[in-house]
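*Asks:* In my numbering, the protein residues as written are 1 to 106.
Honestly, the hints are just simulated from the structure, not real lab data. Incorrect hints may have been included.
Derived DEER-like restraints, expressed as beta-carbon distance ranges [what the hints assert, rightly or not]: (1) Ser67 <-> Leu18: 17 to 23 Å; (2) Pro106 <-> Ser10: 25 to 31 Å; (3) Asp31 <-> Lys104: 17 to 23 Å.
C-beta: ideal position from N, C-alpha, C; glycine also.
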Amino acid sequence: LLEVTTADPSLERHVFHLLRACPFASSHLVDILSEKQNPLAIRKQAAHFLGTVGFLDAITALERLISRLEIRRSGQQMMTFATPCVTDETELLPAVQEALALLKAP
Numbered sequence: 001l002l003e004v005t006t007a008d009p010s011l012e013r014h015v016f017h018l019l020r021a022c023p024f025a026s027s028h029l030v031d032i033l034s035e036k037q038n039p040l041a042i043r044k045q046a047a048h049f050l051g052t053v054g055f056l057d058a059i060t061a062l063e064r065l066i067s068r069l070e071i072r073r074s075g076q077q078m079m080t081f082a083t084p085c086v087t088d089e090t091e092l093l094p095a096v097q098e099a100l101a102l103l104k105a106p
């Protein structure tokens with residue numbers, strides 16, 4: 001489903017309704033978001049849907065991921081001599097922060 005919305009954003013509304021109807025979707029989305037082997041675009045979509053669908057049970061996982069990404073980003077800035085990762089996970093940070101903000105909004 002995440003690949004579908006990455007390829008065709010016009011289908012986002014339909015995927016939103018499917019994910020909202022699935023009681024286990026949040027745990028699957030958190031797993032997809034946390035898995036470093038998944039493509040960055042798919043992980044961003046997972047974060048997006050966690051926030052837009054409103055999976056409150058994902059707040060703790062999102063906070064942990066933000067913490068990990070911020071630590072990694074500050075570590076990379078300190079060690080400029082280190083070779084950068086093939087995929088820069090810190091690109092996920094804005095998407096995860098936005099999802100968390102949506103979940104914490106009144």
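*Asks:* In ascending order, which of the hints set out earlier in this document are inconsistent with the structure?
*Replies:* 1
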